[in-house]
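Chemist: Sequence:
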Amino acid sequence: MTPDLAAQHTARAARWIDILRLQFPELLRELAPGRPGGGTHSRPPLGQAALRALAERDRAERAEALRGEQLGIAPLGPSSAPVRLHVSDAIRDITDGIVELEEAVHEKLGLGRPSRADVPRRLVRIAALLSDLTEDPVLARHVLDECRRMARRCGRTLGDPETLVRLGGRCPWCDSVSLRVMPARRTALCINPGCRCTDEECPCAADPAHRHTWTETGWARLAAETGADMEEIAALADTADERDGGLGGAGAA
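Count along the sequence shown from 1, then add 203; that gives the number in the working numbering.
Hints are computed from structural coordinates only; laboratory data are not their basis.
Each hint should be verified, as a subset may be incorrect.
[Unchecked claim] Cut-off 20 Å, straight-line C-alpha distance, at most; resulting in silico cross-link-like pairs (EDC-like, lysine to aspartate or glutamate):
{"id": "1", "residue 1": "311", "residue 2": "299"}
{"id": "2", "residue 1": "311", "residue 2": "349"}
{"id": "3", "residue 1": "311", "residue 2": "292"}
{"id": "4", "residue 1": "311", "residue 2": "339"}
{"id": "5", "residue 1": "311", "residue 2": "363"}
{"id": "6", "residue 1": "311", "residue 2": "335"}
[Said to hold, decoys possible] Have a look at the derived ranges for each label pair, beta carbon to beta carbon:
{"id": "7", "residue 1": "231", "residue 2": "309", "range": "23 to 29 Å"}
{"id": "8", "residue 1": "411", "residue 2": "307", "range": "27 to 33 Å"}
{"id": "9", "residue 1": "327", "residue 2": "400", "range": "42 to 48 Å"}
{"id": "10", "residue 1": "397", "residue 2": "334", "range": "49 to 55 Å"}
{"id": "11", "residue 1": "380", "residue 2": "318", "range": "51 to 57 Å"}
Just so we're clear, the structure is a prediction, and the values are computed from it rather than from any experiment.
Glycine included, C-beta positions come from ideal geometry on N, C-alpha and C.
With these hints in hand, go ahead and build the complete structure from the sequences.
Modeler: Spelled out as structure tokens, the structure:
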């Protein structure tokens, strides 16, 4: 990689930082539960049967939210407690990620450990250091990847749909023209619900919602099996990244 490419990475990272700075406060507001009304404290306690029913519903809703997160599907409709836990998980992931990212940048630049701060302040400080990364393409790409990942995680949690980009070639398992790229996750997947493989340990046989996926490290294998070009897969992800800016877009059917 060249310094020019590193400069492109930092410019794109700056844009994702701006998006995350706008969205993260919304995520915090989304977490806050509704304030109880005046009569809340006078309500009688729930019985054991009602508590068990609520617990079962909570487990089911959280499992559904987790499955949606794995498939890039945002939760729809009004939020209940499990969805707030889903929001809480996103806040924790983003907060930890920003702290680790700033510490990594400081370490690489020899700046020592950064002082404590909230996420918006840390994002401002990371943005201020982007111009110092133009001589380190590897670090610049890492900052871009992490900022993009966290901004899109934030957007999905807030309800922004994730873009799916059509990929040429046929799925190596079902021979269907159903391959798509998920730019936010740098992942390719088959969207055919009837796709089944021959791996006995794969959950596709028992779980109708399972989708075969190939992360970025598996793109070379996918390209070899489908006749696609690995560079084409990466280009599709990057083009969609530039087009929709992480704020969602129309999925490909």
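Chemist: Going back to the hint list, which numbers does this structure go against?
Modeler: Of the numbered hints given earlier, those the structure breaks are 3, 5 and 8, listed in rising order.
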